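Trainee: Heads up: the protein sequence lines correspond to chains A and B, in order. In terms of my numbering, the first sequence is residues -8 to 523. In terms of my numbering, the second sequence is residues 227 to 676.
FYI, nobody ran anything at the bench for these hints, they're computed from the structure. These numbers were taken from a predicted model, which means no experiment stands behind them. Backbone N, C-alpha and C fix where the C-beta goes; we use that ideal spot for every residue, glycine too. Don't take every hint at face value.
Claimed, not checked - Here's a subset of chain A near chain B, in silico, CB distances under 7 angstroms, partners left out:
hint, residue
1, G36
2, V375
3, D425
4, W433
5, N508
6, L522
As the list claims (entries may be wrong) - Computed footprint of chain B on chain A, listed as stretches where at least three residues anywhere in the stretch have a Cβ under 8 angstroms from a Cβ of chain B:
hint, segment
7, 218 to 229
8, 241 to 251
9, 356 to 367
Unchecked claim - Have a look at the derived ranges for each label pair, beta carbon to beta carbon:
hint, chain 1, residue 1, chain 2, residue 2, range
10, A, P124, B, S291, 53 to 59 angstroms
11, A, S275, B, A346, 36 to 42 angstroms
12, A, R20, B, E634, 43 to 49 angstroms
13, B, S291, A, A480, 25 to 31 angstroms
14, B, T496, A, E35, 27 to 33 angstroms
15, B, G326, A, E315, 48 to 54 angstroms
16, B, L290, A, D194, 36 to 42 angstroms
17, A, G351, B, T496, 52 to 58 angstroms
18, B, Q302, A, A480, 44 to 50 angstroms
19, B, L290, A, E35, 30 to 36 angstroms
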Amino acid sequence: MAIPQTKQSSSQPQRTRRRRRHPRVWKDRHWRWVPTADGDWRVEGFVFRHKHRPPKHHFRGPGPKPPRRASAAAAPAPPASGEQRPSGAYQGPFGMPQANRLLQRAGFGPLAGQAEQLVSLGLVGAVRSLTRPTGAANLIGPPPTDDEGNPLAPADAWGHDGLWWLDRMVRGDQPLVERMALVLHDWFATSQASVSRPQQMIDQSNLFRAHGFGSFLDLFKAVTVDPAMLQWLNGAENTKSAPNENYAREMMELFSLGADRGAYSEDDVREQARALTGWRNDWSDAEGAHNFRFDPRRHDERTKTVFGRSGNFNWEDSCRLCVEHPLHASFFADKLWSYFVATPAPEATRQALIQTYVAGGWQIRPALETILTSPELYEGPPMVKPPVVQLASMLRRLGRHLDTDAWTWLLEPTGQVLFWPPNVAGWDDTRWLDTSRLRARWNVVDYALAEVSVDRWDGTYSTTENAEEALARALATWGNPELRDDTRAELTDFARRAEGTIGADWQRGPYRAMRQNALLQLIGISPDLILQ
Amino acid sequence: MHNCCRNYTRSQLLRAGAAEAGRGLPAIEPGMPEPAGTGLSRRRFLSRGAGLALAVYGASKIPLSAFETGIAQAAQGGKILVSVFFDGGIDALSVLAPIGDPNYASLRPTLAEKPGEGAAFAEDPRLQWHPSAAGLATLHAEGKVSVFPAIGYDHPDQSHFTSRHYYEIGELEVGFRTGWMGRYLDLVGDEENPLQGLSMDGSLSPMIATAEKPVAAIDGVDGYDLWAPVESPVRAEMFRSFAQFGSLPADSPALAQVRRATSQTDRLRTELGSLEGFTSPVAYPSENYFAHKLAGLAAFIAAELPIRVVTISAAGGYDTHSGQAEDLGRNLRETCDGLLAFQRDLEARGLADRVLVEVWSEFGRRPEENGSAGTDHGAAGCAFVIGSRAKGEMVGEFPGLASLDQNENLRVTSDFRAMYCSLLEQWLGQDAGPIIPGAAGFARPALVKA
Chain A
-8 MAIPQTKQSS SQPQRTRRRR RHPRVWKDRH WRWVPTADGD WRVEGFVFRH
42 KHRPPKHHFR GPGPKPPRRA SAAAAPAPPA SGEQRPSGAY QGPFGMPQAN
92 RLLQRAGFGP LAGQAEQLVS LGLVGAVRSL TRPTGAANLI GPPPTDDEGN
142 PLAPADAWGH DGLWWLDRMV RGDQPLVERM ALVLHDWFAT SQASVSRPQQ
192 MIDQSNLFRA HGFGSFLDLF KAVTVDPAML QWLNGAENTK SAPNENYARE
242 MMELFSLGAD RGAYSEDDVR EQARALTGWR NDWSDAEGAH NFRFDPRRHD
292 ERTKTVFGRS GNFNWEDSCR LCVEHPLHAS FFADKLWSYF VATPAPEATR
342 QALIQTYVAG GWQIRPALET ILTSPELYEG PPMVKPPVVQ LASMLRRLGR
392 HLDTDAWTWL LEPTGQVLFW PPNVAGWDDT RWLDTSRLRA RWNVVDYALA
442 EVSVDRWDGT YSTTENAEEA LARALATWGN PELRDDTRAE LTDFARRAEG
492 TIGADWQRGP YRAMRQNALL QLIGISPDLI LQ
Chain B
227 MHNCCRNYTR SQLLRAGAAE AGRGLPAIEP GMPEPAGTGL SRRRFLSRGA
277 GLALAVYGAS KIPLSAFETG IAQAAQGGKI LVSVFFDGGI DALSVLAPIG
327 DPNYASLRPT LAEKPGEGAA FAEDPRLQWH PSAAGLATLH AEGKVSVFPA
377 IGYDHPDQSH FTSRHYYEIG ELEVGFRTGW MGRYLDLVGD EENPLQGLSM
427 DGSLSPMIAT AEKPVAAIDG VDGYDLWAPV ESPVRAEMFR SFAQFGSLPA
477 DSPALAQVRR ATSQTDRLRT ELGSLEGFTS PVAYPSENYF AHKLAGLAAF
527 IAAELPIRVV TISAAGGYDT HSGQAEDLGR NLRETCDGLL AFQRDLEARG
577 LADRVLVEVW SEFGRRPEEN GSAGTDHGAA GCAFVIGSRA KGEMVGEFPG
627 LASLDQNENL RVTSDFRAMY CSLLEQWLGQ DAGPIIPGAA GFARPALVKA
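Make the full structure from the sequences, and use the hints.
Mentor: Below you can see the structure in the form of structure tokens.
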């Protein structure tokens, strides 16, 4: 890169040019995975807008095919005095590290001051503040816009549905409602790929918001006849004369019982498909698939035998039979646990969780409260944040609201686009990090920093800032995240080395500005911000 | 895995083991069989000679530098087998439509292919190529395609993941950790040549999972870089710290995973900046990434890379429960157009006698369409062996639609393990006995021209 030999005129007003730091883009043919109607992926070409001049030979995608479908800063506050915690719950101190972890796992990370507030509530109070919100969520701060400053059009503009949800993650004051919606979006993974209107995906996510703490059976029934799901797994095309087994199989294999556990047979798949018959919809060019309804004439009224029980079952029976199945509660407990804790539940905890769930009549909230107060959540190892969670968490830290629609195409190579899970099995949490996807996260961090990174060449950056000051400034920009000691040491070392590269006089400001940008980038891509 | 006995779900294992993910193949879906290859260590490596960034699996004792030497010294010019996977269970009854079968039109009221719309299939007048399979039809007419019109196994399993697993490991078991091609490599492969088994979809295919010999996966056939508003010389220091994030100690599996990905990413960044492109002697279809990858593969073979077996996924997916006609037509065309261009490329480069392509899917689809203009999971499917040296004769008859199996699915007339035995013995020159369990009991269809 050529170094400019002359600096900006000193008559330039100081620090006023904050907008449009990268007015030029380099358009470049890239390849990316796009979901197909059948739940798989195909590769298509697209024009990638580079912010920097790309090298002639560089990665142009699409990367590997997607699968078919914490810290120590301020002194921890003592546990709330006299707090009674349930037996089996975490009994250690509930200070900032614990509150931060809870906010990461049960939400999208803290806003400024939020962890402190949770600490003051004590463990049980903190968890209940998340699991028992009152009223509707408030969205705090400016509403989301696209790059031109226009309001989002989630039902109409491509990608705006996902941005609409991302905004709720960033600004919402009921983080666990949103996090559970994300969990359930993965659990009952439905993709826009075969749903005719984005609004139907949004409606489904609202269903997850409404039922996320309630009865799993109610949720299961609602999902079963949800218009997006009826399209995605062909439920509305399942008739007595021509059964379609797609939903029948996945409702057992992926949603309620699990494969290869001996829970159901191929005959059960076929019989369940018959029980589920009867749903239909209309179609028009203007509205797409609409008017979803149960039509008794399409329902198979004969006797079905499911799990050895016989009757003239319908779709509600179909769900109930799954939930009443002796292998359902363990499936539910293990699956829900796995979204929040990295290690398997100890057997006693697992049994208690199953019992809580069954005794509560398949209620999700008590199970969730058990998990969120468990010792393994606070004492166990970290987990990798899903890309969307990392992005929402970064934007919250940076105090940035949704002001660009670039997140849609930037998230794609990270492996996670909201409303577009790879297949009906949801996202594969073992595959968030590889050389393609980490590179994509790097670029997401780069873009997240676009409004706070500094201009190297406008002659305004400090020519005297030292390494410690540089790091302190970068950390403050990030909202002072708690960092591991080794991360902090490496950042300090970098800041010193970068200063050591300064030779000529003209380099003093620009190189310090570059150092600041590099520190911001390194903090964003550090393990500390990738893990939860 | 010790959790199996208590019904620990796969998704939980996945998260619990997120950590190990960098060390082997992740699983596919809750409750699915353990994929072959789990537990193989993976490291990133750039072969400068090959111009490829490789995720190298196995042979963890060997220093990365040895692979460079190993690749350079490995024997070249041998036979190559390329496996192409129709992911999702392709509808064999569309690829080779039984338009002459009296039951076809009634089983497929909306999906039946029309007589005359595709090329005739000379070996069985009842069958007709799908119009999108024109590339295959062309090669078949040249005697370069052996067709299996109804391949599978007894007691077919209709789970995508279980059936696919059987094909990957070459056995009807859920517990195998190595793939059938992996066991071949374990027998004849080189200790230091990861290119001998190459997956082109970014991660290791269970088919080439070995017990000990190294194998590799590549993300793509082009290049790689990272951006930041930071220029030299500060940029170099920034990446030095990024690399350091990747090499610091890890005190948890997830942190280890982040560190591994970080160091691999930085390594790729440094090594791939200068990656050169390739040229092809024939035109490949545009806007077709599957074809683009095959073009890269042909160039690798021409560059004398010591490749023995390759796996690659066909374009798109084939789990067509609804709207089958459009999806299948598009994806099948991309795949067949790519395969035809690849064959022409190999012919133009004089390499066609060295490469055989095997195309497969985990099952076929139900003969009776499902009322959603789609088809549900079935049993017998189709497979193809393609190449200048392919025998070009059909293996197993088309069983007809008059008599289906107990689940109303197409009956099987050839076993995929017999295909594997023949490919091993007739093409790769390796006795199938030590590789395919029960090999002695399978037929050996003639797949290779003498």
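Trainee: All hints, please: hold or fail.
Mentor: Hints, verified against the model:
Evaluation of the A:G36 hint against chain B yields a held restraint, the C-beta minimum of about 5 angstroms falling below 7 angstroms. Restraint check, A:V375 versus chain B: the minimum CB separation of about 5 angstroms is within 7 angstroms; hint holds. Taken as an interface hint, A:D425 checks out: its beta carbon lies about 6 angstroms from the nearest beta carbon of chain B, inside 7 angstroms. Below 7 angstroms, beta-carbon pairs count as interface contacts, and A:W433 has one with chain B at about 5 angstroms; its hint therefore holds.
Hint status for A:N508 relative to chain B: holds, with the closest Cβ pair at about 5 angstroms, below 7 angstroms. With its C-beta approaching chain B no nearer than about 6 angstroms, A:L522 sits inside the 7 angstroms limit, and its interface hint holds. Counting residues of the segment 218 to 229 of chain A whose beta-carbon sits less than 8 angstroms from any beta-carbon of chain B gives 4, enough to reach three: the coverage restraint holds. Under a criterion of three residues with beta carbons nearer than 8 angstroms to beta carbons of chain B, the stated coverage of the segment 241 to 251 of chain A is upheld, 5 such residues being counted.
Residue count for the segment 356 to 367 of chain A with a Cβ under 8 angstroms from a Cβ of chain B: 0. That is fewer than the three needed, and the coverage hint is violated. Between A:P124 and B:S291 the C-beta distance comes to about 57 angstroms, which sits within the given range of 53 to 59 angstroms. The given range of 36 to 42 angstroms is respected by A:S275 and B:A346, whose C-beta atoms sit roughly 40 angstroms from each other. Look at A:R20 against B:E634: about 47 angstroms separates their beta carbons, and that is inside 43 to 49 angstroms.
Between B:S291 and A:A480, the C-beta spacing of about 30 angstroms keeps the proposed range 25 to 31 angstroms intact. Between B:T496 and A:E35 the beta carbon distance is about 30 angstroms. The supplied range of 27 to 33 angstroms therefore holds. In this structure the supplied range 48 to 54 angstroms holds for B:G326 paired with A:E315, their Cβ-Cβ distance being about 49 angstroms. Range check, B:L290 to A:D194: about 51 angstroms between beta-carbon atoms, so the 36 to 42 angstroms window is missed.
Here the CB-CB span from A:G351 to B:T496 is close to 55 angstroms, well matched to the stated 52 to 58 angstroms. The beta-carbon spacing between B:Q302 and A:A480, approximately 48 angstroms, falls within the hinted interval of 44 to 50 angstroms. The hint said 30 to 36 angstroms for the Cβ distance between B:L290 and A:E35, and at roughly 34 angstroms that hint holds.
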